[in-house]
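Participant: Sequence:
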Amino acid sequence: MAGSLNKVMLIGNLGQDPEFRSFANGGEVCNLRIATSRTWRDRQSGERRENTQWHSVAIFNENLVKVARDYLKKGMKIYVEGELQTRKWQDQNGQDRYSTEVVLQSYRGELQMLDSRDGGGGSGGGYGGGSGGSGGGYGGDSSYGGGSGGGGGSRPQRPTYDDELDDDVPF
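Position 104 (the sequence shown) corresponds to 104 in the UniProt record's numbering; numbering is contiguous.
Quick caveat, the hints were computed from the structure, so don't treat them as lab data.
All figures in this text were calculated on a predicted structure; none of them were measured in a lab.
Check each hint, because a few of them may be wrong.
[As the list claims (entries may be wrong)] Pairs of lysine to aspartate or glutamate, EDC-like flavour, derived with a Cα cap of 20 Å:
1) Lys-88 to Asp-17
2) Lys-7 to Glu-81
3) Lys-77 to Asp-17
4) Lys-73 to Glu-62
5) Lys-74 to Asp-17
6) Lys-77 to Glu-28
7) Lys-66 to Glu-19
8) Lys-7 to Glu-101
9) Lys-74 to Glu-101
10) Lys-77 to Glu-101
11) Lys-77 to Glu-19
12) Lys-7 to Glu-50
13) Lys-66 to Asp-17
14) Lys-66 to Glu-28
15) Lys-7 to Glu-83
16) Lys-88 to Glu-101
17) Lys-73 to Asp-42
18) Lys-77 to Glu-47
19) Lys-66 to Glu-50
Go ahead and model the full structure; you've got the sequences and the hints to work with.
Facilitator: So, in structure tokens, the structure goes:
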């Protein structure tokens, strides 16, 4: 294989409201904690078992930070797509520590709300951070997608693949 791929896709629930931090240069980051759960039935006891994993997400895309600020709340089901990054830092005692998180950069990454804004079922809108080389990429800094169940609103509809495909085949 010529190359590599670093892509993480998660569907889970927010464990807390988003946290925001500003940088001296005027930039901003949004930090999320997402819980994903796996359930199964124990073969011996027949009991239902569950294992929950917690994931840290850092959003650096300015438009996605705005979406997180305006719409995301604790408990919401969301989809995020980004890349896995591990960073080294020092704690208060000077000890080296490592943190691994899913990062949505300013030029790529995706965030979709899977709950409606009022907390009911249905599909929310999708927000992409640009094409970034992923399939069906939509240009610009942000792509908005309306969904059923409360995500649409007044935002423009995300184009469908049919709208983008040219019917004329050159051969």
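Participant: Could you run down the list of hints and mark each one as holding or not?
Facilitator: Tested hints:
no., hint, result
1, Lys-88 to Asp-17, "25 Å, violated"
2, Lys-7 to Glu-81, "7 Å, holds"
3, Lys-77 to Asp-17, "12 Å, holds"
4, Lys-73 to Glu-62, "18 Å, holds"
5, Lys-74 to Asp-17, "5 Å, holds"
6, Lys-77 to Glu-28, "23 Å, violated"
7, Lys-66 to Glu-19, "12 Å, holds"
8, Lys-7 to Glu-101, "12 Å, holds"
9, Lys-74 to Glu-101, "19 Å, holds"
10, Lys-77 to Glu-101, "18 Å, holds"
11, Lys-77 to Glu-19, "17 Å, holds"
12, Lys-7 to Glu-50, "25 Å, violated"
13, Lys-66 to Asp-17, "14 Å, holds"
14, Lys-66 to Glu-28, "10 Å, holds"
15, Lys-7 to Glu-83, "5 Å, holds"
16, Lys-88 to Glu-101, "12 Å, holds"
17, Lys-73 to Asp-42, "33 Å, violated"
18, Lys-77 to Glu-47, "26 Å, violated"
19, Lys-66 to Glu-50, "33 Å, violated"
In this structure, the hints that do not hold are numbers 1, 6, 12, 17, 18, 19, in rising order.
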